[in-house]
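**Q** The lines below spell out each chain.
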Amino acid sequence: MAYAMHGGIQYEYIDAMRAARGADVTDMAPSASLVLTLPENKRVLVRVGDRVLRGQVVAEADGILLHTPEAGFVSETSDAVRIECDGTDETAATVVKTNKRLQDCTREEIIEKLRICGVADSDGSSMADRLESADGASVLIAECIDDIAAASSPASIVNGMKILMFALGVRQGVIVCGDDIIDAAKKLSDICAKSKLIKVATVRAKYPQADKKRLAYAVTGRRAANEFVVSAQTCAAVYDAFVTGMPQTRRIVSVTKGKISKNIRAAIGTSFAELLKFAGIEVGGGGDIVEGGLLCGHSVSPGDSVGKTTRSLAVLASDNVYVRRGADVCIRCGRCVSACPEKLLPNYIVSYIRDGKEHAALSRGALDCDGCGVCSYVCPGGVPIADIITGFAKNHAREAGSEAQNERDKS
Amino acid sequence: MNAIKADGAPFIKSPETVRAMMADVVTAMIPAAVWAVWRFGAKALLLMALSVSTSVLCEGVFEFIAKKRVTVGDLSAVVTGLLIAFGLPVEAPWYVPVFASVFAIIIVKCAFGGLGANVFNPALAGVVFVRLCFRSRLPYSSALTALAVGKLPEYSVYDAAVGMTDGAIGEVSAMLLTVGGLYLIVRSVIDWRVPVLFVGTVAALSVLFPQNAAYILYELFSGSLFLGAVFMATDPTTTPVTGVGRCVFAVGAGALTYVMRRFGGDLDGVAYAILAMNMLSGTIDRIAAPRSMRSGTGTEAAK
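Residue numbers (our numbering), protein chains in the order written: chain A, 45 to 455; chain B, -16 to 286.
Honestly, I wouldn't trust all of these hints.
Some chain B residues near chain A, calculated using beta-carbon distances under 7 Å [stated by the list, open to error]:
hint : residue
1    : Asp7
2    : Val9
3    : Val224
4    : Thr225
5    : Ala259
Simulated from the structure, these hints should not be mistaken for laboratory data.
From the three backbone atoms N, C-alpha and C, an ideal C-beta is built for every residue, glycine too.
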């Protein structure tokens, strides 16, 4: 059994969160045109008019290789690589199956394979880089709190964990499941029963239990940081990359609107508009689609597309959108204190920030805030607490960065 | 510094608002208010009407003149007004609730920055203020009066608990105040530990160091102990924000109440005990702060 987290919000209180849980996964056929969004730090490897094959590398973005999910022609390469799919089934020659058994592979071979396949972690960092720099991890934790991947491919998750554990030299793996996806947890434990190294633990399904720090605490009961935490969906991607050689070109995205929810496996590059259309969810006016959770996500436009870290899309129904009405007063009720999973005193940090007492805010742990947004959600006074604290932390990081730069310039 | 985005997370919010919380507090006071009118007559209703209207008016006028957002809609001034009336005897002349409300709202609440920024509980401070100013016009007698001269009151403990006694109009029925408290606990407006520990501490000290064993239950059910424990010591603004801090606050207020009742110059120490603890709320929060889950990276960065 796992250690319970402090604070948070129970999923059953929030329609959109509750709906997204435990639903089946539907495959979506790739749309006619896919848009692979590129970050600023990029290197495009194809030109307009090029013909590309399924699984072929088209760009390197933030140190991760980006592949085309389908064969077709490149029609744009400026801010994004746009591919007009031609419906053929031609796969790139670089996509090769691994015929070796895991035991016969070296750590380097596994890392190289993941690098070639562009497997990204849930935060967008390169899995290969993380494995390379991981040092002294004692346990691998796979997050399956609200990961619907479990419902579809539990075997891939467990096998992916085995590959990661092998590469890390870790002898213990724990899959942490929410206690409201019992069927998925059951399937996972049935598969794990054969292996003695991987266990399934269930925790009370709460937001933000899926956070890495929360998971590490759930498994170890400590704050220590020698755990290697990945999402279950990433584990499955690792397995696919290792066995089939197919790069990471699909994501399972949970799409919700109010009490309606669909889990869809879509090609990376699928536009949100198409994804929502496939899910049968109507979009109202502009700017009311949220990626990454209703409490800490951000608005996206229908023209944006699925990326390697996309995991959830929520369309806000007009009757439950929160609009700030100007009320912004702390009455010191302490709701944020009891809800903060990091055990901070959010109300004090906010008042220090607003009074310009930077030192006091920092000594109260302002930088430990993960921006989960639970405090802002519960605040009866309508104070955008998480916004203020994460904004302060960002400013602080920027200032600290420029100070360090000045120091370097001087010397 | 104030990096507030015009639009952004959270995209949904709990239905909880300050207004809803205060509306719950008013609801919780209704049983005791009805009892006050039934027991003390229409004069009790007049006192409540005077203090509530003065409080709301003062807050609105102050904020209008100070060019601030007018916040009377959050109902906190209504709560303050009702609590002021609850703390007055029925004999109070009409100007007493008015003075108490003006002092509570203008001096204790608004001058400190309004809701959330005041150090002292406005209602308590207002009542103590008029008690000091108009003592001769505010006759007070309750079971505590009899006990103070070493006599048992004329009524039974049962009567004292139900509220068939004398005292300030809102404090007499420990039973109905408890009903209000249970409602607030069920609605998660207040932390159940505060009233339980407050009354519990007074009870424990009374049992450990009894003045007279026959007095103990009278002492608990008389005076403003239940009113203070349910409605004053649970005021969000003037009490600590952490669970541990609130427990410390409640135990401290209970202990001070016992000491003041036993050795103090006034009959009832509840109001002074809570006001004294109000001053310590910030300090208690600093000391009783929970440790961050991470090993203090923030602290290091601050060096």
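**Q** None of the hints should be skipped; say for each whether it holds.
**A** A quick look at each hint next to the structure:
This hint is violated: Asp7(B) has a C-beta 11 Å from the nearest C-beta of chain A, more than the 7 Å allowed. For Val9(B), the shortest C-beta to C-beta distance to chain A is roughly 15 Å, which exceeds 7 Å, and the interface hint is violated. Hint status for Val224(B) relative to chain A: holds, with the closest Cβ pair at about 4 Å, below 7 Å. Taking 7 Å as the C-beta contact cut-off toward chain A, the hint placing Thr225(B) at the interface holds, the least distance being around 6 Å.
Against a cut-off of 7 Å between C-beta atoms, the interface hint on Ala259(B) is violated, since the closest Cβ of chain A lies about 18 Å away.
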